[in-house]
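Asker: Chain residues, written in single-letter form:
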Amino acid sequence: MILLQLFLSFLQIGLFSIGGGYAAIPLIQSQTVEIHGWLTQSQFMDLATIAEMTPGPIAVNGATFVGLRVAGIAGAAAATFGCILPSLILVSLLAFIYRKYRELPLLQGVLGSLRPAVVALISAAGLNMLLQVAFGSGRALALDQVQWAGLALFAAAFFALRRFKWSPILVMALCGAAGVALGLIGVF
Amino acid sequence: METKRLKTLWTLFSSMLYISAFTFGGGFVIVTFMKRKFVDELHWLDETEMLDMTALAQSAPGAIAVNAAILVGWKAAGFAGMLAAVLGTILPPMAILSAISLFYRLFAENRYVALALRGMQSGVAAVILDVSVSLGLKVLKGKQWIHLAVMAAAFIATFFFHINVIWIILCAAAIGVGMALLGRRGGARG
Numbered sequence: 007m008i009l010l011q012l013f014l015s016f017l018q019i020g021l022f023s024i025g026g027g028y029a030a031i032p033l034i035q036s037q038t039v040e041i042h043g044w045l046t047q048s049q050f051m052d053l054a055t056i057a058e059m060t061p062g063p064i065a066v067n068g069a070t071f072v073g074l075r076v077a078g079i080a081g082a083a084a085a086t087f088g089c090i091l092p093s094l095i096l097v098s099l100l101a102f103i104y105r106k107y108r109e110l111p112l113l114q115g116v117l118g119s120l121r122p123a124v125v126a127l128i129s130a131a132g133l134n135m136l137l138q139v140a141f142g143s144g145r146a147l148a149l150d151q152v153q154w155a156g157l158a159l160f161a162a163a164f165f166a167l168r169r170f171k172w173s174p175i176l177v178m179a180l181c182g183a184a185g186v187a188l189g190l191i192g193v194f
Numbered sequence: 046m047e048t049k050r051l052k053t054l055w056t057l058f059s060s061m062l063y064i065s066a067f068t069f070g071g072g073f074v075i076v077t078f079m080k081r082k083f084v085d086e087l088h089w090l091d092e093t094e095m096l097d098m099t100a101l102a103q104s105a106p107g108a109i110a111v112n113a114a115i116l117v118g119w120k121a122a123g124f125a126g127m128l129a130a131v132l133g134t135i136l137p138p139m140a141i142l143s144a145i146s147l148f149y150r151l152f153a154e155n156r157y158v159a160l161a162l163r164g165m166q167s168g169v170a171a172v173i174l175d176v177s178v179s180l181g182l183k184v185l186k187g188k189q190w191i192h193l194a195v196m197a198a199a200f201i202a203t204f205f206f207h208i209n210v211i212w213i214i215l216c217a218a219a220i221g222v223g224m225a226l227l228g229r230r231g232g233a234r235g
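The listed protein sequences correspond, in order, to chains Y and C.
For this note's numbering, count along the first sequence from 1 and bump the result up by 6.
For this note's numbering, count along the second sequence from 1 and bump the result up by 45.
Wrong hints could be hidden among the right ones.
Pairwise CB distance ranges, derived in the manner of DEER restraints [said to hold, decoys possible]: (1) Glu154(C) x Phe102(Y): 32 to 38 Å; (2) Val178(C) x Ala80(Y): 21 to 27 Å; (3) Leu185(C) x Ile79(Y): 49 to 55 Å; (4) Ile201(C) x Arg108(Y): 25 to 31 Å; (5) Gly187(C) x Glu109(Y): 34 to 40 Å; (6) Met51(Y) x Ser59(C): 31 to 37 Å.
Partial list, computed: chain Y residues near chain C (C-beta under 10 Å) [claimed, not checked]: (7) Ile8; (8) Gln11; (9) Val39; (10) Ile90; (11) Ile128; (12) Ala161; (13) Gly189.
Derived by calculation from the structure, the hints in this document are not laboratory data.
All residues carry an ideal CB built from backbone N, CA and C; glycine is no exception.
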């Protein structure tokens, strides 16, 4: 019963990947390559690359990729449903608790100190991306390796967002187009 | 009444579809886009709620994007809203992955795709830092030393020491519990 196996495997991936995509990668590898042999190691590397290059959560990308390969569209649906089912249940519970008890002093205290921590996490994620833009993935902080075109693009995008409140999606699309244009004239 | 509700559901679904189709690179990216859409543009949530939902989405198992969609969906339109938001979030990656997995080597090795993606990295960094500057300034203006300390410590822990996000969330939550028990109510006005 391959659909059930897919569903159960991705259910475990959804249940145990706490803290976002990078926690999901080792779980996907263990379920799909080591336990079930649905993918070879090199296919798994392809999956990781594609997941990085395309939008969407890594677990959902992985579920679609593996499900399609193993059992077609039904497989993709079964695997994806498996990986989001724990979220649907647990996070709905959290939504209920939050709505009902958010005024309690204890929860207020917890949320009050979680908020600045979340701001820090978002800022760190943004700065890491900026470093990646500035120095490439090697991350050697050498001045002669600065990717000036990427940095200039970042500065223009940041200015458009802060000063002119452009829509983020418009900014992203323009940056993509600018990347192609800069590449074609050989400076990117 | 009925059409208003349908309109809300459609807005939820289409906003998430749009956001999900364009957000590369991890859960925090999509959360910043959601903040721009649901807080700044539609005013369905206030900033505090969005931060709370981000913390909850991050602490629960599963993809942050899906978790955040569940929370915003429930808040905006109950159970149906939750379903609409989740469908909007997962359909684009499913469609894109299905298309790409048919000819992925061609896609992965294409020069124009690589250039566009590199350009978009600059855009993503700008979007995230734009939102984090706004949120960070707000914490600074709150002038509560414990919140500033939590923000600084969390930043150092994740950026310099690469400590697992779960531990950071747990520590911040523990500090919040401690504050509440001490009766300082420092978080109450957060």
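Asker: Hints first: check each against the structure and report whether it holds.
Answerer: Okay, the hints, checked on the actual structure:
no.: 1; hint: Glu154(C) x Phe102(Y): 32 to 38 Å; verdict: 47 Å, violated
no.: 2; hint: Val178(C) x Ala80(Y): 21 to 27 Å; verdict: 46 Å, violated
no.: 3; hint: Leu185(C) x Ile79(Y): 49 to 55 Å; verdict: 50 Å, holds
no.: 4; hint: Ile201(C) x Arg108(Y): 25 to 31 Å; verdict: 29 Å, holds
no.: 5; hint: Gly187(C) x Glu109(Y): 34 to 40 Å; verdict: 19 Å, violated
no.: 6; hint: Met51(Y) x Ser59(C): 31 to 37 Å; verdict: 35 Å, holds
no.: 7; hint: Ile8; verdict: 18 Å, violated
no.: 8; hint: Gln11; verdict: 19 Å, violated
no.: 9; hint: Val39; verdict: 16 Å, violated
no.: 10; hint: Ile90; verdict: 5 Å, holds
no.: 11; hint: Ile128; verdict: 5 Å, holds
no.: 12; hint: Ala161; verdict: 8 Å, holds
no.: 13; hint: Gly189; verdict: 4 Å, holds
Hint compliance for this structure: hints 1, 2, 5, 7, 8, 9 are not met, and every other hint is.
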